[in-house]
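Colleague: Line by line, the protein sequences give chains A and B. Using our numbering, read the first sequence as starting at 1 and increasing by one per residue. Using our numbering, read the second sequence as starting at 108 and increasing by one per residue.
Keep in mind that the hints are not guaranteed to be accurate.
Cross-link-like lysine-lysine pairs, in silico, DSS-like; alpha carbons within 30 Å at most [what the hints assert, rightly or not]:
(1) B:Lys-289 - B:Lys-268
(2) B:Lys-191 - B:Lys-268
(3) B:Lys-289 - A:Lys-61
(4) A:Lys-35 - B:Lys-268
(5) A:Lys-12 - A:Lys-61
(6) A:Lys-12 - B:Lys-257
(7) A:Lys-61 - B:Lys-191
(8) A:Lys-4 - A:Lys-61
(9) B:Lys-257 - B:Lys-191
(10) B:Lys-289 - A:Lys-35
(11) B:Lys-257 - A:Lys-4
(12) B:Lys-257 - B:Lys-289
(13) A:Lys-56 - A:Lys-8
(14) B:Lys-257 - A:Lys-8
(15) A:Lys-12 - A:Lys-56
(16) A:Lys-4 - A:Lys-56
(17) A:Lys-8 - A:Lys-61
(18) B:Lys-289 - B:Lys-191
(19) B:Lys-268 - A:Lys-61
(20) A:Lys-61 - B:Lys-257
(21) B:Lys-257 - A:Lys-56
(22) A:Lys-4 - A:Lys-35
Rather than coming from a laboratory, the hints here were simulated on the basis of the structure.
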Amino acid sequence: MASKTRIKLPEKTAVGDVIEIRALINHVMETGNRKDANGQVIPRDIVNSLTVTFGKVTVFKAEFGPGISSNPFVAFHMRVPGPGELVFVWQDDAGVQTIERAPLLVG
Amino acid sequence: MSCDRSPPVEPQRHIKILSRRDIVLGASAAGALFGLLASRPALTAGTDAAPAAAETVVPISRVPLSEGLTPSHQFDEALGVILKDAEPAAGEPLTLTLPDLAENGNVVPYTIAVESPMTDNDYVHTLHLLSTANPQAVVATFHLIPATGKAMVSGRMRLAKTQDVVAIAEVSTGQILVSARKIEVTIGGCGNE
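Only chain B is shown next, with the shape it has when bound in the complex (with noise of 0.2 Å):
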């Protein structure tokens, strides 16, 4: 199926040209992206959908992860799409907490914690945590305000087996940080086994 194709209807003129981008995201949303089409990722689709091609993946590099642990494709699309063209520190105001060892796969305890003095100047607005080897990579996104007082949150993750598990701050100045921790799984815990 041709996926660039106006649909079969009268051309609704007040409708302004669609753009590049448009085609790009409608492409997307209809699971028929080509790897031409898309130098970017699909900002706006949803991270379970669009199959983005292996281009527009963000380098791992660019996050810390542990050697001999192959992140999964959904990470890469999930990373590339809330990093866009940023560049992620690494760092000391950003931890995950987690156990080394988690038993049970199915409760595992974490905590992601920024030192901000949450003003209305300078305050995490966003928090994600992310997996790199379950089946959906994105496992949560918290967002704060000011208001929040502390940018902490805490809660129980499943993980599918041993690996690295990422935590990602924006900050309202446009910085964003990374934290990685490696996690050994003994009993998965996503019920795909």
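This is chain A alone, in the form it adopts within the complex (with noise of 0.2 Å):
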């Protein structure tokens, strides 16, 4: 199941400029530590990793811990190459990917 993800970007770029992309999911990011009310143990249930291609260059990426809070949230920054589309794939534990694609505007 695909989660709700929010991206964002400069709304006007420039090639060359150095860009900060923000990338949230929703997510519960279960960390395994937890135990119910009989006492069993929640199994864990994180986001594990994001990973951000343009073109083909993955340009960035993030492994997350259990440590990272719930809705991942990450920022982080981009020198940009032209206009083109961002890909982001977040991958979870039970092996479901979710994928957001968002247009670079240069001009």
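Hey, can you piece these two chains together into the complex? The hints should help.
Modeller: Structure representation (structure tokens):
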């Protein structure tokens, strides 16, 4: 099941600019350390990675552990090579991939 | 259970003879790592597993931690895996920004930033964020390339209790930078207490 995501890019960029990119996905990020009311361990269920590609290049990859807060948010940077499309792929422990695409507008 | 025995199958003769390192890794994967075998940390084993023996741990003196706070065994292990034999440099180009006090350990903002030209010859390729007192020491790892443009990553982390948080930056020149920062946590946020 795809989770809700939010991606924030600058509205206007120019080639060579270093821009900030913000990406968030709604996810419980269950650590695997907690127990339920019956004392049973609640199994770990986290988003364990976010891979961001532009063209064929992986410009940023984050690997998350259980120490990342729920609804994992990350801000990173990229030097604008030109117009194109950013592809965000989040992967969770269950093997579910959530894919979002965002156009990078230049000019 | 013996961990250095060959599996009970027909020996596969085309396979190269196991090196000592393979045996060490295999042993750690089997969860039966003995101190004698582990003269080095299990480099490729997952950081969750691999109960490394005490003598494989990198001395804490290599990272500037606060007085009076004892880092977890998991932290020592994770540090050993990242640093290997390297001598990290504490300091200037790397900054870890955290609040001094977190009332809610569930959501603590962090920023890791390295002053780096991010050129093909000199760029930060990996950033590590480690906790010295969470149940899992490795909070996050970030991989960058020169096209990332700026070695600066932020997000939100969980902290179980008052502790040092450690950031490590690996630079393409081979340099490793370390920065540690103490943070007071009022209500822990790892659901482990």
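Colleague: Quickly compare the C-alpha distance for Lys-12 (chain A) and Lys-61 (chain A) to 30 Å and report which way the hint goes.
Modeller: Holds: Lys-12 (chain A) and Lys-61 (chain A) sit about 24 Å apart, inside 30 Å.
Colleague: Is it true that the CA of Lys-4 (chain A) sits at most 30 Å from the CA of Lys-61 (chain A)?
Modeller: It holds: about 19 Å lies between the C-alpha atoms, which stays within 30 Å.
Colleague: Sort out whether Lys-257 (chain B) lies within 30 Å of Lys-61 (chain A), counting only the CA atoms.
Modeller: Distance ~14 Å between Lys-61 (chain A) and Lys-257 (chain B) Cα, so the pair holds.
Colleague: For the pair supplied as a hint, Lys-8 (chain A) and Lys-61 (chain A), is the alpha-carbon distance within the 30 Å limit?
Modeller: holds (17 Å)
Colleague: Under the criterion that the straight-line Cα-Cα distance not exceed 30 Å, is the pair Lys-257 (chain B), Lys-191 (chain B) satisfied?
Modeller: holds (26 Å)
Colleague: Lys-4 (chain A) and Lys-56 (chain A) were given as a pair; does the straight-line alpha-carbon distance stay at or below 30 Å?
Modeller: holds (25 Å)
Colleague: Run the distance test for Lys-257 (chain B) versus Lys-56 (chain A): straight-line Cα separation, threshold 30 Å.
Modeller: holds (20 Å)
Colleague: For the pair supplied as a hint, Lys-289 (chain B) and Lys-268 (chain B), confirm whether the alpha-carbon distance does not exceed 30 Å.
Modeller: OK: Lys-289 (chain B) and Lys-268 (chain B) at ~11 Å, within 30 Å.
Colleague: Checking one constraint from the list: CA of Lys-268 (chain B) to CA of Lys-61 (chain A), max 30 Å. Satisfied?
Modeller: holds (28 Å)
Colleague: Quick one, are Lys-191 (chain B) and Lys-268 (chain B) close enough, alpha carbons at most 30 Å?
Modeller: holds (27 Å)
Colleague: Take a quick look at whether Lys-257 (chain B) and Lys-8 (chain A) sit within 30 Å of each other, Cα to Cα.
Modeller: Answer holds: Lys-257 (chain B) to Lys-8 (chain A) is near 17 Å, not above 30 Å.
Colleague: Does Lys-61 (chain A) lie within 30 Å of Lys-289 (chain B) when you go C-alpha to C-alpha?
Modeller: holds (27 Å)
Going down the numbered hints, you'll see the structure goes against none, and every one checks out.
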